[in-house]
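In case you want the letters, here they are:
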Amino acid sequence: MSKRILHHPEKPSDASTIAWRSQGQLEDTPSFREWLEREFPQGAAEMADESECETSRRSFLKLMGASTALAGFGMMACRRPESYIVPYTHAPEWVIPGKATYYASSMPRSGGATPLVVTTFEGRPTKLAPNEIHPDNEGTDAIAQASVLDLYSPSRSRAILKSGKKAKRADLDQVIAGLATNKAAKVGFLFGADDSPTRNRLRAKLASKFSAAKFYQYEALTGDASVAVGDGVKLGVDFAKADIILSLDCDFTCLDSQGPVSAFYDRRKPEGRDYSQKPDQSKMNRLYMVEAAYSLTGGMADHRLRVSVSEIPAIAAQIAKELGASVPGGLPAVTEEKQLKWIKGLADDLKSKRGKSAVVAGSRQPAAVHHLALAINQALGNLGGNGPVTAYQTENTGLGTLASLKADIDGGVIDTLLVLTPSNPVYDAPADLDFASSYAKLATSIHLGGRTDATAFASTWHIPAAHYLESWSDARTSRGVYTIVQPMILPLYPDCVSDLELMVALLTDDGKFLNGEGNSGAASPAYDEVRATFEGIGGKGEAPWKKLLRDGFVADSGYKTTTPKASASVAKDFAAVAGFAAPTIDSLDVVFATDASILDGRYIDNGWLQEAPDPISKLSWDNAALIAPKTAKALGIYDEVIALEPVSPYTGMKNAPRSPDNEAQKRTARMIRVEVNGKTLELPMLIAFGQAENTVVISLGYGQGFDDEDELKRGPKNAAHVGLVGVNRGFNAYPLRTSASSYFAKGAKVTNLEGKRYSVALVQEHNSMYGRALAREISTMTDDKKGDFSAQLAGVSKQGVDAHAEKPISLYQSKDRKGQPLLSDPLHQWAMAIDLSACSGCNACLVACQAENNIPIVGKRQVAMGREMHWIRMDRYFAAQDDPKADADNPAMVPQPVACMQCEKAPCETVCPVNATVHSEDGLNAMAYNRCIGTRYCANNCPYKARRFNFFDYNKRNPLIANNLYKGPFGEKQVGAAPHLQKNPNVTVRMRGVMEKCTYCVQRIKDAVIRQKATTKEQVLEAGKPSPEVKIANQSLRVPVDSFKVACQEACSAGAISFGNQKDGAASRMNRAKASDRNYQLLNYIGTIPRTSYLARVKNPNPAMPDAPFIGKATIDMV
Amino acid sequence: MANFFPRWSNLLPLKIAVCAGAAVGGIALAFSYYATPKTLVAGYQPTQPIPFSHKIHVDQIGLDCRYCHSFVDVSGHSNVPTGNTCWNCHQHVQRESPKLAPLHRSLDKSYPGYDGKPIEWVRVHKAPDYVYFNHSAHLNRGISCQSCHGRIDQMEVVYQVESHSMGWCLECHRAPEKNLRPLEEVFNLKYDAQQYIDQHPGEMTELGVKTTEDLGLKLKAQFNVNPKMSCSTCHR
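Going line by line, the protein sequences match chains A and B. Heads up, the first sequence is in my numbering, so the first residue is 1 and it goes up one at a time. Heads up, the second sequence is in my numbering, so the first residue is 1 and it goes up one at a time.
Heads up, some of the hints might be wrong.
Derived pair list, reagent style DSS-like, types lysine-lysine, alpha-carbon separation capped at 27 Å [claimed, not checked]:
id: 1; chain 1: A; residue 1: Lys-905; chain 2: B; residue 2: Lys-228
id: 2; chain 1: A; residue 1: Lys-214; chain 2: A; residue 2: Lys-162
id: 3; chain 1: A; residue 1: Lys-818; chain 2: B; residue 2: Lys-99
Here are a few chain A residues that face chain B, going by a calculated C-beta distance under 10 Å [to be verified]:
id: 4; residue: Lys-99
id: 5; residue: Asp-274
id: 6; residue: Ile-489
id: 7; residue: Arg-817
id: 8; residue: Pro-821
id: 9; residue: Gln-1003
id: 10; residue: Pro-1028
id: 11; residue: Val-1041
Label-pair distances were calculated between CB atoms; the ranges are [unchecked claim]:
id: 12; chain 1: B; residue 1: Leu-170; chain 2: A; residue 2: Ile-933; range: 44 to 54 Å
id: 13; chain 1: A; residue 1: Ser-16; chain 2: B; residue 2: Val-131; range: 18 to 28 Å
id: 14; chain 1: B; residue 1: Pro-49; chain 2: A; residue 2: Glu-972; range: 33 to 43 Å
id: 15; chain 1: B; residue 1: Pro-201; chain 2: A; residue 2: Thr-935; range: 52 to 62 Å
None of these hints come from the bench; they were simulated from the model. Quick reminder that beta carbons are idealized off the backbone N, C-alpha and C, glycines included.
Please take these sequences and the hints and turn them into a complete structure.
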């Protein structure tokens, strides 16, 4: 019997927005219909292939019969197994068993450290949260959230290697001692791009000890913006001051940080950060974006110019000219009428906000674009003084580049190199540099790294690196605030060493190499060094040090401001881009993009990041070549992806699709060959909307190692470089890249590999919802039909069919038989509001939820079948306007996070045969996992498709070993492996056959409620009376307003999620958000009364722009 | 061919069915009666590595529960004392007792068999994995240790008194007044409600409490105790 389909009301005839999630939907293929109509995709709930049939019903019955017979022998074992309580021998200070301890720390990163508060349970760090008292707090992104998993990664490097083979520590100690005693050593140090004051201080000491020492800095994808602004100088933007932001291909909200972004998001909300003022469009900022492929920042943009990456220098020059900045000649002029109009409108807008606007250039853009961005900022008076753009002098100065390192190795200037960068130069250096061959010339190369990657195996010595949660260090944030990195735990493996410990060893006279605990339980030598650095910054004595450890930072310790000093190479930089013409179909542009999941490849072994779908392409576990639809059509590789269903010769009706691009596990993508810079790469291609024509975008960092299981038989090759997560994943685009084309290459050719296909775990169609006005958008600009801003605000709740759909009749009683309300808790009624105006779709909430709620990863094959377990689904819609004047190839992109809505009248609850999902008094739609028998009726009845089912025991059986899940009890177990140490002890680890979903972090709610209840005792003590005489007031049992946060809310750097107690009234931020006119309920007309509601997205277009009438109309209807 | 089956075999299927039915029914009944926490769990009394006597320490010496279980009213877990808590006293008292050998092994550096490893106490009370019981939530609201663990102060060797089944939990969540006591008496295992009323005549008349039932109900009202019965209270 097929599922009964709720017939949604007809789409209003005047609606002009066309919205889609995937090209399959845009072309309305039956396979997409299938996704819509089913709770799970075809195949997700069935056993489709041979290996799955091994656990068919028949073999199940056989096994059951055997186990029942065996059970008889086991009866005597009915006693419960003995378990033990093992207390500490010496109680450590501060540790209360069962209670979390929080420490301020930070994650060192190239754009500036991320300040963190680390949750630890009995010494195990389990969860990271942003440090909210930090002046440079910018929330956390997915990578920061997932970095805790790297600590426990099973593939983490844990042994010292000599030429790729396990070696003894004593031998390494000798090498270090030999190096430390040789003051004439020709030694080089290769650092990452993060800024650590202690490391820089030790670097100076090393320079004075080793007279021949050289220092270099390298990270694969940090770019060379400093060429335009000076050595060690960087530009930071204070978004609070920027009324208008022009981004020249800079994904500053996500992958290309230019300073804390929370102020940027605050100004995306017309009601202000805390929803405390009347909607005021004049307080909102306006974002212009010039980019080739959609970035998340581009999705937030009010005006987005879609141009190929080669044209960006010319566009930037044209803007600079309009604004009266001096521009060296030689760049091609912008001739296209549309672009000129766009630039004119932008320039006029920028002129009206002199000193109150900011121009940011993508850090990987050619130096010429940085020169131009600087010139525009200077011409507008944005730089320095009270302007939003500030130039900071960092301490990473006087460092050589990878090219100079190569020259020094080749020239014999150094013969020993210590590789301390988190990048992987043997793998990710530009191909023309041929760094690997120079690296092999070194007499001694010592690599310190957390993974046994290509560089580890190419080095004479590899030392496993301690994770930042295991080591003492310090760092500077984006604006230079001194921030501590403190260890939560001793290194899990005794040989793990931090970079500071290695440098300290070289600084001692005898080269004594200490790591972890140091001598007889003393702190690591890095501790003394960090303390010594701190004394010069925060003051001597215990008190400031203790304050640093508690707060995590030193106030007013930011970078000094400076004036940018352009290098002498300006003319050369402009000459480098002078010949750039727009790409053509025979000579395509290839953009080597930074990957949103694995960055430059260093996180390839992080399962959370791999499984988190790319926020834009929605591809997980792999990379692919992204091509715009028209280009794909011109290349002759489009039609087959969306093979339209053939018409049956007998009935004249359309058949089910026969295309190889089927749904579920059979979904594959066509393989293409990309030829550029004399190299070729074969990889799958996907259609990308809103991308510039004749442009291929390939993200970097994949294809590091393959074993026998590889689908394309690329292995075994470098299998030891990666763990189970990263093996066989994706395609390595680094060999295509040269020093001159490190960001993008020109002159590429794409050929179709006829008949060759590759399976992709593409989740863009998974869990698609039906319905009207799912995500809503309005504009601050007056519209002929929709009225002005206030009229549009008032109309939000009536968008879609909410204005005229009949109020649905509810099958539910709201009161019990005694007349008591079912939601009876008078103190707490929890609810959530999600502001789409601030949400960029960055996945931080998705990964934070995974960390908090012990959500397993399921592996590529299971994701392809639609069995991903993420409780938060990040929907991403595209929407174009059905108008000849609108640019249909540049659709709006709207992200929408959807988790369980905690419906007051939840359809899932009525269909559960065992009452495993029921409502609690405080408005939660609770899941009792131990009651669930796995009928999946609830998921079938959920209109939001927010429920996830454990098809396998993902926590017990490792899903990453090929076919392991299908081997049932014979599969390889992962019980006791290190990842289990990450699990949150306050959340059940679910097993096979159990339904799960968002619970509003019920563990955090209960913790807050119980903490509040425990004040009973304090109240009695304060009253000074015998307890029976003390009346505990109702109010005193209510959790203080907004005193705790749920995991997704905490992680969100945009402040898009607010959670709180409905009973708190306007005191709670959540209630103020819900009081906004922008508030609406998802699928309001089906009457589920969800507790989570959304706030419509507001676009703030410039009425003078040609595309302005089409902005702010991306209301998503799914038909 | 003659009749292969004799006449009496006509009733055989019925007889088999009745017998099998009775056997299955019996097994089901026996299982539902015996395989319950009440019979399987209550009374569980494992042997501990050190024969620690709560009777001596609590009843005779008069130690408070929280001397050893120091975080019980702060944390969800009730902690088992760390080795150095025992050693505080036992480095002076009964130091040479052979029963304390495991303690010496873990803490006494002068002891020949010293290995510094913690003592492995055998768990007596175990909540299932999917139950999140919180000690502090109960102790700070007037539920005594005794309500769940019984008269620990009278036990030479600790055993489980109550079934700790879900039904048993809910019994109290439905009617907490039966177990509520004044906060001052939570850790007093010798508490007797009637005695308490007799000892505090002034207050009790003022509060209108005459019987022990009155006291429970009064405390419920005073402390504003409204235990939840929905799943998410304990399961998450």
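Now for the hints, and whether the structure bears them out:
| no. | hint | result |
| --- | --- | --- |
| 1 | A:Lys-905 x B:Lys-228 | holds, 20 Å |
| 2 | A:Lys-214 x A:Lys-162 | holds, 24 Å |
| 3 | A:Lys-818 x B:Lys-99 | violated, 60 Å |
| 4 | Lys-99 | holds, 5 Å |
| 5 | Asp-274 | violated, 29 Å |
| 6 | Ile-489 | violated, 18 Å |
| 7 | Arg-817 | violated, 15 Å |
| 8 | Pro-821 | violated, 14 Å |
| 9 | Gln-1003 | holds, 5 Å |
| 10 | Pro-1028 | holds, 5 Å |
| 11 | Val-1041 | violated, 19 Å |
| 12 | B:Leu-170 x A:Ile-933: 44 to 54 Å | violated, 21 Å |
| 13 | A:Ser-16 x B:Val-131: 18 to 28 Å | violated, 55 Å |
| 14 | B:Pro-49 x A:Glu-972: 33 to 43 Å | holds, 34 Å |
| 15 | B:Pro-201 x A:Thr-935: 52 to 62 Å | holds, 59 Å |
Hints 3, 5, 6, 7, 8, 11, 12 and 13 from the earlier list are contradicted by this structure; the remaining hints agree with it.
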